[in-house]
Amino acid sequence: MSLLDASCIRVIAESVGIAQVSDEVAEALAPDVEYRLRDIVQACSRSVEALKFMRHGRRETLTCDDINFALRTDAFAPFQRRFRS
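Its first residue numbered -16, the sequence shown is counted upward by one per residue in this note's numbering.
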């Protein structure tokens, strides 16, 4: 059982432009999405690479780009950022 439910997967799908996701597909994707999120969080927490990029940029806020650069150094695929804050 996944900590993410089908409604979370539907919201994520809609935010990237996928209009309809069936319950069956959403339930099948939930464990995979959760695994990937855990993998990314663990990779960022065990290395200080993202913080190094943040400090190198003379910033006090960690950005998606900092995490992407850190993930690239650990051979992970980077995030696809759709929104800017």
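Possibly wrong hints are sitting among the right ones.
Unchecked claim - Beta-carbon label-pair distances, calculated as ranges:
hint, residue 1, residue 2, range
1, L45, E17, 19 to 25 Å
2, L(-14), R38, 28 to 34 Å
3, R38, A11, 36 to 42 Å
4, L45, L(-14), 21 to 27 Å
5, S5, L34, 39 to 45 Å
6, R38, V(-1), 18 to 24 Å
7, R38, P14, 33 to 39 Å
8, E17, T44, 39 to 45 Å
9, V(-6), T46, 18 to 24 Å
10, V(-1), T46, 35 to 41 Å
11, V31, I1, 20 to 26 Å
12, D(-12), R55, 30 to 36 Å
13, C(-9), C47, 30 to 36 Å
Derived by calculation from the structure, the hints in this document are not laboratory data. Even glycine gets a Cβ: it sits at the ideal position worked out from N, Cα and C.
How the hints compare with the structure:
Checked against the given bound of 19 to 25 Å, the beta carbons of L45 and E17, roughly 22 Å apart, stay inside it. Distance hint check for L(-14) and R38: the Cβ-Cβ separation is about 32 Å, which falls inside the suggested range of 28 to 34 Å. Look at R38 against A11: about 40 Å separates their beta carbons, and that is inside 36 to 42 Å. Here the CB-CB span from L45 to L(-14) is close to 23 Å, well matched to the stated 21 to 27 Å.
Taking the beta carbon of each, S5 and L34 are about 40 Å apart, inside 39 to 45 Å as hinted. Range check, R38 to V(-1): Cβ separation about 31 Å, and the 18 to 24 Å hint is violated. Hint check: R38 to P14, Cβ distance near 35 Å, so the stated range 33 to 39 Å holds. As the Cβ distance of E17 to T44 is approximately 26 Å, the hint placing it in 39 to 45 Å is violated.
For V(-6) and T46, the Cβ-Cβ distance of about 23 Å falls inside the hinted range of 18 to 24 Å, so the restraint holds. A hinted range of 35 to 41 Å for the beta carbons of V(-1) and T46 is inconsistent with their spacing of about 20 Å. For V31 and I1, the hinted distance range of 20 to 26 Å is not satisfied, since their beta carbons lie about 35 Å from each other. The given range of 30 to 36 Å is respected by D(-12) and R55, whose C-beta atoms sit roughly 31 Å from each other.
Between C(-9) and C47 the beta carbon distance is about 19 Å. The supplied range of 30 to 36 Å is therefore violated.
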